[in-house]
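Turn these sequences into a full structure, and let the hints steer you where they fit.
Heads up: the protein sequence lines correspond to chains A and B, in order. Numbering of the first sequence is given in the numbering used here, commencing with residue 2 and proceeding in unit increments. Numbering of the second sequence is given in the numbering used here, commencing with residue 11 and proceeding in unit increments.
Simulated crosslink set (DSBU-like; lysine-lysine; CA at most 35 Å straight-line): (1) Lys-183/B - Lys-357/B; (2) Lys-188/A - Lys-473/B; (3) Lys-43/A - Lys-52/B; (4) Lys-473/B - Lys-331/B.
Negatives, chain B to chain A, calculated, CB over 10 Å: (5) Met-14; (6) Phe-203; (7) Asp-459; (8) Asp-566.
Derived Cβ-Cβ restraints for the label pairs, each shown as a range: (9) Gly-236/A - Ala-811/B: 37 to 43 Å; (10) Ala-265/A - Thr-482/B: 26 to 32 Å; (11) His-10/A - Ala-811/B: 53 to 59 Å.
In short, the hints are calculated from the structure, not lab data. Backbone N, C-alpha and C fix where the C-beta goes; we use that ideal spot for every residue, glycine too.
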Amino acid sequence: MIPANFAYHSPSTVEEAVGLLARLGDEARALAGGHSLIPMMKLRLSAPEALVDLSRIAALKGVREEGSEVVIGAMTTQHQLLQDPILAQTLPLIPETSAVIADPQIRYRGTLGGNVANGDPGNDMPAVMMTLDATYTLAGPNGERAVKAREFYQGAYFTAAEDGEILTAVRIPVPPAGAGFAYEKLKRKVGDYATAAAAVQLTMKAGAVETIAIGLTNVSETPLLAEDAMAILAGARLEPEVVDRAVAAAEAITNPASDGRGPAEYRTAMAGVMLRRALARAAARAQA
Amino acid sequence: MNDMTPTREEREAKLQGMGCKRKRVEDVRFTQGRGQYVDDLKLPGMLFGDFVRSTYAHARIKKIDASAALALPGVKAVLTAADLKPLNLHYMPTLAGDVQAVLADEKVLFQGQEVAFVIAEDRYIAADAIELVEVEYEELAPLVDPFQAMAEDAPLLREDIKDKTEGAHGPRKHHNHIFEWTIGDRTGTDAAFDKADVTIKEMLSYHRTHPSPLETCQCVASMDKIRGELTLWGTFQAPHVIRTVASMLAGIPEHKVHVIAPDIGGGFGNKVGAYPGYICAVVASIVLGVPVKWVEDRMENLSATSFARDYHMTTELAATKDGTITGMRVHVLADHGAFDACADPSKWPAGFMNICTGSYDIPVAHLAVDGVYTNKAPGGVAYRCSFRVTEAVYAIERAIEILAQKLGMDSAELRMKNFIEAEQFPYNSALGWEYDSGDYHTAMRKALDAVGYDALRAEQREKRAAFERGETREIMGIGLSFFTEIVGAGPTRNCDILGIGMFDSAEIRIHPTGGVIARMGTKSQGQGHETTYAQIIATELGIPADDIMIEEGNTDTAPYGLGTYGSRSTPVAGAATAVAARKIKAKAQMIAAHMLEVHHDDVEWDIDGFRVKGLPESRKSMKEIVWAAYNQPPPNMEPGLEAVSYYDPPNMTYPFGAYVCVMDIDVDTGVYKVRRFYALDDCGTRINPMIIEGQVHGGLTEAFAVAMGQEIRYDEQGNVMGASFMDFFLPTAVETPVWETDHTVTPSPHHPIGAKGVGESPHVGGVPCFSNAVNDAFAFLGSTHIQMPHDHWRIWKAARALGA
Ligand SMILES: Cc1cc2nc3c(=O)[nH]c(=O)nc-3n(C[C@H](O)[C@H](O)[C@H](O)COP(=O)(O)OP(=O)(O)OC[C@H]3O[C@@H](n4cnc5c(N)ncnc54)[C@H](O)[C@@H]3O)c2cc1C
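This is how it looks when you write it as structure tokens:
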């Protein structure tokens with residue numbers, strides 16, 4: 002329960018942080034809210050020699066609208082996401098998700114950037130960002146680049162971010178007015194990671210699904226975009242037979258671990274149940 | 011009398027005595043963060059110890075190389091079994107008559123076992139140093155499943171006792187066998203089963219879990235080599251027993267061992283016995299001549315210090331077709347882990363499991379318990395219950411439901427039919443206990459009326475029909491349980507720990523101006539002793555509770571007692587408190603009579619003093635009497651006013667209660683919602699109703715946790731799975747149901763104030779109540795028994811298996 006020794010740096014600009022990470026090499030790690038990294042260090046599953054704390058970099062905080070996009074700074078906390086008036090208006094799926102992440106203490110410190118950069122399949126925001134088709138802005142020694150959330154996750158704790166790169170912002174296209182959304186998460190208790198969870202963002206037209214995106218949390222090595230299920234539902238009415246087929250298609254791409262939350266078969270089935278419920282709730286919320 | 015003279019009611023209220031909802035006095039410091047716990051203790055020059063623990067469940071230790079650790083600046087020493095052997099301290103005796111390795115001797119027998127003890131200048135250096143100790147292991151086949159423990163080809167675990175065919179409790183049948191304990195009439199029971207119209211048989215597993223107090227186990231040992239005195243501060247539920255053990259092991263005379271238990275952050279049975287950490291801290295302090303602190307972390311606590319339960323109970327009932335129970339037969343396979351470190355009274359290797367006939371008048375019964383070794387952590391402690399009573403009550407309360415189902419009878423009716431009648435008390439049970447008192451029918455009826463039982467069953471019938479019609483995916487369970495506890499161990503004739511009878515004690519000393527200090531041999535870990543013992547004295551002696559200070563935990567000042575567990579504080583030390591107070595009161599009566607110039611038979615007690623019979627105006631208050639005791643005692647009477655009592659209880663006490671749980675279950679996810687939970691407790695005389703309610707809330711919450719998911723799991727290799735609060739289910743306020751509490755009062759006839767103890771009842775009665783609710787929900791689909799814990803996935807799996 003006591004981490005190994007490490008050096009601590011606290012830069013005040015992105016450039017400084019990137020420079021520090023480049024200089025310190027691959028034994029250095031960025032520190033955001035610390036609520037994934039520090040537990041790992043306490044268990045000595047992770048023993049970075051240096052931490053570069055991003056919390057003093059003002060440019061990494063806050064939510065703003067830029068044209069048809071909402072831009073969220075990487076160091077914006079879950080608590081701030083829950084309180085933010087812009088998100089409540091434009092992207093209510095995000096605060097709905099924040100509300101079921103961990104507990105208030107953790108949400109006061111845990112950040113969106115840390116949640117999506119972490120690469121833990123248990124994190125809730127990555128599947129939501131894939132559902133919303135978000136783009137991550139990464140800053141590194143060679144400048145800035147953009148990577149789609151849908152292309153970012155490569156394996157457990159393995160992402161498209163290069164060593165020395167930090168995630169500075171998340172850009173999300175604003176869904177059309179009247180869109181429906183839902184995040185359904187099954188967990189054992191408050192503060193637990195998902196047994197399985199499903200995110201749905203959709204628009205309806207004339208009683209049928211017009212556009213839809215579906216993300217699944219914690220049922221594979223990475224968050225999943227349920228593309229086959231999306232294809233089945235797009236343009237279709239939410240008849241039981243169609244929903245059954247879509248749920249089966251979503252379940253088919255899961256590959257969860259068996260753990261204290263239950264055996265793999267249970268978690269797959271729960272991904273299906275969560276999707277079913279998220280679909281129903283999102284459709285009910287959508288204005289046709 | 012003028013208007014200012016307080017009324018009788020006002021005088022009584024001022025005492026805040028028994029029956030009063032007095033606020034907990036200890037909470038003043040706890041709620042302000044001013045408690046003093048072991049880890050708050052910082053002594054000059056104090057070092058810090060930490061364990062290197064086994065990564066394997068079963069392995070031979072080939073080599074331990076501590077050189078790199080010793081080279082780390084700040085590391086003072088590394089102890090291994092080789093260092094303890096010359097002192098004969100590499101093994102320590104357990105309370106169950108076995109020995110336990112202090113540091114692994116040649117072999118490790120469970121994951122997390124203590125292998126080496128590193129002592130360093132601070133805990134951070136110690137944490138780095140344990141990583142530098144290199145242990146070379148040769149893996150051996152692990153034995154995880156207790157049902158395989160006595161297989162012919164099962165691996166030999168305990169090489170240290172492999173040639174011992176006799177254990178502490180009789181012959182051993184196999185190299186992994188610890189004891190067989192039997193009680194009851196085997197042939198009579200077999201005959202009852204042969205004659206029975208209806209019988210049921212079910213293997214009821216009570217899974218391995220852990221008491222998990224929020225404060226983990228810890229101690230500070232400080233050896234003063236000049237005085238030859240050892241002081242040991244620790245999280246001890248039984249500080250005097252620890253002093254005796256420490257004295258025996260360290261070879262230091264008992265009066266030179268000072269054991270002090272400061273504030274304790276929960277015990278629940280986890281802090282009764284002695285752990286390798288205590289021994290190592292003591293040895294390290296003796297060797298290094300400075301204080302040494304040892305504090306375990308959460309994972310160490312959950313994976314290495316005493317677990318609870320792990321009882322696998324094949325339970326059978328025999329009955330007539332109209333539902334009269336005619337016999338009970340139980341066989342228990344008890345998984346004790348690598349060492350038998352149960353904290354039971356010496357003569358009771360399976361605790362009081364023979365209370366398993368429950369609240370029913372069962373004419374004949376037989377119980378056999380086989381204890382076995384496996385490659386798991388040792389323990390088997392009484393987690394918020396008297397010794398193995400939760401297991402016993404689970405067995406009978408599940409069995410009664412299964413029998414009701416087979417008979418096609420309502421289980422409340424079946425219980426009513428078989429209850430011991432109020433007139434039958436004191437009642438001698440088939441397995442040897444004398445139940446002191448009870449009125450089960452009244453309690454059960456009150457509970458059923460309170461919840462509207464018939465209406466609930468009607469609603470359940472409708473919901474089942476709707477489910478079968480495919481209109482809902484939710485099913486409803488109504489869980490009942492009626493428990494009889496056996497607490498307050500216990501009479502010295504049959505209860506001892508290390509040969510010391512299980513009496514308890516109180517010493518009350520009244521100072522000249524009326525303030526009182528009282529000390530007991532028990533030790534609160536959150537039960538509120540400082541509040542309730544004072545209330546007993548307040549009523550007995552007519553002195554306001556606020557003028558009475560209660561002190562426990564310092565073995566130099568408190569009289570010898572056996573500590574707090576098994577709901578024994580009120581039944582035993584509470585009785586000692588009343589008896590000591592009565593000794594003082596008898597002397598006070600003599601003094602009052604002398605002051606009033608009458609014969610002592612002519613004065614009578616009057617709330618807070620004595621008055622002359624028939625002359626109520628002629629009275630002396632306790633305050634005046636106390637002053638006189640120091641100022642001008644009657645001739646030929648010693649001055650002063652104090653008394654001590656060592657109370658040897660004539661019998662256990664038998665609290666009981668009726669609980670009802672209403673639960674809705676979503677069969678698609680296995681997610682459940684406890685809609686209602688009603689708990690009626692009868693703990694005899696109620697000292698402080700608010701504290702009782704708090705104890706019931708806490709016990710029910712732990713019962714909910716255990717029944718619904720709290721578990722120490724092992725994989726097939728003997729790896730502990732999920733020994734952290736991420737996985738180990740500790741419900742938060744969000745998950746915890748709303749509790750409705752109620753009571754009846756049937757005082758214990760043999761206890762000086764009629765009190766029976768309550769801290770553990772809600773846990774004992776709660777676990778089967780939750781489990782019965784889950785099982786009841788699925789009964790209509792043809793299920794007879796679903797094993798605990800009832801976490802989401804297991805409920806879902808059961809639903810699927812039943813085609814729901
Ligand atoms: C008890 C508990 C329960 C939890 N439950 C949930 C839950 O239900 N759902 C959930 O989603 N999460 C949960 N979490 C995790 C929590 O949300 C974390 O806060 C989050 O995963 C990481 O965010 P952070 O800001 O704390 O990042 P940190 O822990 O500081 O960092 C996490 C990782 O991301 C890297 N990193 C952080 N920021 C950046 C950046 N800007 N650029 C590049 N790399 C970066 C770090 O180097 C590190 O490797 C839980 C945590 C705890 C302790």
